[in-house]
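Participant: Sequence:
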Amino acid sequence: MTTATTRAARDFRGTHTEGRSPEELRELVSHVGAELELAPAEHIIEWAAATFGKRFCVTSSMGDAVLSHLASQVVPGIDVVFLDTGYHFAETIGTRDAVEATLPVNLITITPVQSVADQDLAHGADLYKTDPDRCCQLRKVEPLARSLAGYDAWATGLRRAETHNRVIAPVVGWDARKGKVKVSPLARWSDEQMERYIAENSVLVNPLAYDGYPSIGCWPCTRRVAPGDDPRSGRWAGTGKTECGIHS
Numbered sequence: 007m008t009t010a011t012t013r014a015a016r017d018f019r020g021t022h023t024e025g026r027s028p029e030e031l032r033e034l035v036s037h038v039g040a041e042l043e044l045a046p047a048e049h050i051i052e053w054a055a056a057t058f059g060k061r062f063c064v065t066s067s068m069g070d071a072v073l074s075h076l077a078s079q080v081v082p083g084i085d086v087v088f089l090d091t092g093y094h095f096a097e098t099i100g101t102r103d104a105v106e107a108t109l110p111v112n113l114i115t116i117t118p119v120q121s122v123a124d125q126d127l128a129h130g131a132d133l134y135k136t137d138p139d140r141c142c143q144l145r146k147v148e149p150l151a152r153s154l155a156g157y158d159a160w161a162t163g164l165r166r167a168e169t170h171n172r173v174i175a176p177v178v179g180w181d182a183r184k185g186k187v188k189v190s191p192l193a194r195w196s197d198e199q200m201e202r203y204i205a206e207n208s209v210l211v212n213p214l215a216y217d218g219y220p221s222i223g224c225w226p227c228t229r230r231v232a233p234g235d236d237p238r239s240g241r242w243a244g245t246g247k248t249e250c251g252i253h254s
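Reminder that position 109 of the sequence shown reads as 115 in our numbering, one-by-one numbering, no gaps.
Everything labelled a hint here was simulated from the structure, so no lab data went into it.
Mixed in with the good hints, there may be bad ones.
Within a straight-line C-alpha distance of at most 20 Å, the following computed EDC-like cross-link-like pairs (lysine to aspartate or glutamate) qualify [unchecked claim]:
| id | residue 1 | residue 2 |
| --- | --- | --- |
| 1 | K146 | D124 |
| 2 | K184 | E148 |
| 3 | K146 | D132 |
| 4 | K146 | E97 |
| 5 | K60 | E48 |
| 6 | K184 | E30 |
All chains, please: the whole structure from these sequences, using the hints.
Facilitator: Here is the structure:
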């Protein structure tokens, strides 16, 4: 990535305020997706910030702050979107608060239309038990879709090493459902790379990650994982459900 591109990425907040059409975005992905496949994560973020400007953000579930930290080093002040479902562990909210306090990012917390209490009244208590897919739709998928309306592209922390379902996650791809460019700068990172980056940069990690929760979601649907088991086996355990719908 050139010095000019890096400078453009750092100055992105004052540029690219007009959105592109879905056709333009899809065409862009078709040209650069393969080119960036083997690029370092920092260069991928630089490209996205220089290309989309203020219409590019990072999303984080606050399992760790690796992507937020990396993006903030490339583009100080970048928008980091956190979805508060109303069902998060206290440790997850604490990690969000620590990220906001310690990193040079613009942290944006979004919430579902209904509070948990209102959802219980409308759909019955504990929808996560009776219809987990509907619960995820209401508390995750729909709120995130609304929050991304002002962006053309967003970065996720998806990694292919996390689960077999994510092996084919492209570094830069097209999300037809959202009509936006989906950027996964860490897609090729191994667990060892993640651990090394965390150690070398003193990156914040959700305390639950050290207490048997390698994949952290809402507390009613997340369980501890036994050593050696699939890291995501604690999510919706016993239901056959493996994804919330945001990435599928």
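Participant: Given the hint that K184 pairs with E148, test it: the Cα-Cα distance must not exceed 20 Å.
Facilitator: holds, 10 Å
Participant: Does E97 sit within 20 Å of K146, going by the straight-line distance between their CA atoms?
Facilitator: holds, 19 Å
Participant: Need the status of pair K184, E30: alpha-carbon distance at most 20 Å?
Facilitator: holds, 14 Å
Participant: Would you check the hint for K146 and D124, treating anything up to 20 Å between C-alpha atoms as holding?
Facilitator: Answer holds: K146 to D124 is near 16 Å, not above 20 Å.
Participant: Between K146 and D132, does the CA-CA distance stay at or below 20 Å?
Facilitator: holds, 15 Å
Participant: Measure nothing beyond the straight line between the CA atoms of K60 and E48; if it is 20 Å or shorter, mark the hint as holding.
Facilitator: The given pair, whose Cα atoms are some 18 Å apart, holds under the 20 Å limit.
Of the numbered hints stated above, none is contradicted by the structure.
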